[in-house]
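Q: As you go down the protein sequences, you meet chains A and B in turn. Position in the first sequence (first residue = 1) + 12 = the working numbering. Take the second sequence: its position 317, counting from 1, is numbered 300 in the working numbering, and each next residue is one higher.
Honestly, I wouldn't trust all of these hints.
Derived coverage of chain A by chain B (criterion: at least 3 residues anywhere in the stretch with Cβ under 8 Å from a Cβ of chain B; other residues may be distant) [stated by the list, open to error]:
hint, segment
1, 139 to 150
2, 178 to 186
3, 222 to 234
Distance ranges between label pairs, derived from CB positions [to be verified]:
hint, chain 1, residue 1, chain 2, residue 2, range
4, A, Gly73, B, Glu189, 55 to 61 Å
5, A, Gly202, B, Tyr270, 51 to 57 Å
6, A, Leu296, B, Leu2, 37 to 43 Å
7, B, Pro79, A, Pro91, 18 to 24 Å
8, B, Arg98, A, Asn194, 34 to 40 Å
9, A, Phe297, B, Ala283, 52 to 58 Å
Calculated directly from the structure, the hints in this document are not laboratory data. Even glycine gets a Cβ: it sits at the ideal position worked out from N, Cα and C.
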Amino acid sequence: MSNANLIILFSTLSTGLILGAIFALVAAGVTIVYGSIWMPNAANGQFFVLAALFGWTMTVGWGLNPWIAALLVIGVSVPLSYILEILLIRRFYDVPNRNISYFVLSLGITQILAGIYAITYGRWSDQFQLPPLVNGITLIGPFPIANNRLMVLAIAIALLAALFILLRYHRYGRALRAVFQNRDAATLRGVNVKAIYSLSFILGNAVIFAGGVLFALAYSFDLTVAWTMAITAFAIMIIGGPGSVLGALVVGMVFGFTQAIVSIFASPTIAAFSYLGAMLLILLFKPSGVFAR
Amino acid sequence: MTAQPTKDAPRGLAAHWPLAAFTVAAVLVPILLSGNRYLAFVAGMTLLHILWATGMNLLYGYTGLMPLMFAGLAGISAYFVVNLTSMGWSFWLALPVGTLAASIAGTILGLPSLRLKGFYFTLCSLVIQTVITLGFVYFASITNGDTGISQIPPPSIPGGGELTGLGYEIVIAVMAVIGIAVLMLIVRSSFGRRLAAIREDDGLAETLGINVTYQKLAAFFIGSLYAGVGGALYAPYIGFISPRSFDVLISMNIWLMVAFGGRGTIWGPVFGAMLLAPIPFLLQDYYTVKDILYGVLIIAVTILMPGGLASGFKRKAPKAEIAKDAPSRQLDQRSAA
């Protein structure tokens, strides 16, 4: 293999890892919310872009340090999610078949946020770029990679690991999985279901916001990312099994690599076609997903 | 009016006066507005959306399926018509061909509804809509990609001349009236009652001897006809189409007209379209406000009918006259047989 091919291979690997980790984060956020309150959040892409835009405003607009900005963005998501939960999400907790109501609701939120972005940020610019977290370039053998992207990758993987441990071993994670499996049984065992619902909605959105701000730190972005991300996260959730965080992590990484590889050899549209095709097949033949227990 | 779909239902003039009034209004409004070309155009677009909303109503209101690929089907028809007419076909030949293409596509893409229910079918249709939109962008040799096709020529009239302005609005008005009349016929027929039975409980409908597969696909075929006719008329009327003209937000907006006006009633979606369709044109200068306004309305509709999106009419029993009637009728027929 020639040197040029090796460099392409290496850049594909690094892009695949970063994209995969970010996809996995967002899909985990979506699947936590679906797994607990049964809400298929189609607005996840808009939340993702909202985080990226907040990060842009704080760093480029206010001149904050990108580390502080990233933490602030994730922090801001908590009160925002809580307000949204009180205003809209809470009303549906006891509705049977609420997933379709939530789905339509989140499409409405999507439309509102898309309209707001078009009026505000859309007028200023169509490409947004954040300052890097760290400067410099590391050479891994002969291959250069920006320290900034390595840092983003490290943070994303650390967040994924923390999330996985939280859901697997912490009391909250066990309660969340109990609620997902059987809400009534969980209530009987003393789990405060409504509290778990609020917590999960906030946690899920915080994870999506983290994905958004990390993506913005690693790559420049535009407003059309929102819809692509929404559909991709849905595809990951459906294929991995709605409610399965492990499924979201594994399928998210697979999708990241697919995106990186297909984008080099063909167009990103082909990658999107392949996700959507895979999602349709899973929906039709195994709606519980690959990783469902 | 709790019309029993039986022999004692009001027939003749008494039953048809709303349709007659609508026909007169649909033709008169463009004529009265023809002094102001722009307002007449808004009236024409509203009539087009009434046609679309009526088709969506057949699927969402009467069959209980929420197809978010509805605008995509209209787009298929529109691209067919534009390409065929640019190849030298007459518009009047291209319209049925494009409509048929949309219907066949709609019937095939409706197949997942046989396996998936509620949210899962809606999600599936959202995926299909996204694939259709991506396809419109990707196959740029036919669709000219994101740039879209502009300066679509108006249809020629067989006697000579071109169909533009008021004439075009009258054609759309006639199509909208035909669409509503067809839906009224369907709702009164045993086919319509079978659809309502499927909407309420398709498992029960199956055990009552209704061929759910066949009925659902027939509903998709007919509902897609509305999308197809609307799409075919849309393209030369507005003179410009792009993948954005038929994306998921348009599907959502057509759905909103049905849900806002009242699904499963003939006239509710018509009023929904009358109220909502003109907004983007009248707010031309604040175009993006439309997205926010529609989004707020979508949320309002969802909050006002929390259980209604999935399971139909359990909270609004009085409106479900057909739904209540259908199973009992079917039972009667079976016990009599």
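Q: Starting from the range 51 to 57 Å, see whether the pair Gly202 of chain A and Tyr270 of chain B falls in it by beta-carbon distance.
A: Given about 53 Å between the Cβ atoms, the range holds.
Q: Within 18 to 24 Å or not, the Cβ separation of Pro79 of chain B and Pro91 of chain A?
A: violated, 56 Å
Q: Is it true that the C-beta distance of Gly73 of chain A to Glu189 of chain B lies inside 55 to 61 Å, as the hint says?
A: holds, 59 Å
Q: Count the residues of the segment 222 to 234 of chain A with a beta-carbon closer than 8 Å to any beta-carbon of chain B: does the count reach three?
A: Not satisfied, violated; 0 residues make the cut.
Q: Does the Cβ pair Phe297 of chain A, Ala283 of chain B satisfy 52 to 58 Å?
A: violated, 37 Å
Q: Do the beta carbons of Arg98 of chain B and Asn194 of chain A sit within 34 to 40 Å of each other?
A: violated, 25 Å
Q: Counting residues of the segment 178 to 186 of chain A with a beta carbon closer than 8 Å to any beta carbon of chain B, are there 3 or more?
A: n = 0 at 8 Å, threshold three: violated.
Q: At a Cβ distance under 8 Å, does chain B reach at least three residues of the segment 139 to 150 of chain A?
A: With 0 residues close enough to chain B, the hint is violated.
Q: Given a hint of 37 to 43 Å, does the C-beta separation of Leu296 of chain A and Leu2 of chain B actually sit inside it?
A: holds, 40 Å
Against the hints set out earlier in the document, violations occur for numbers 1, 2, 3, 7, 8 and 9.
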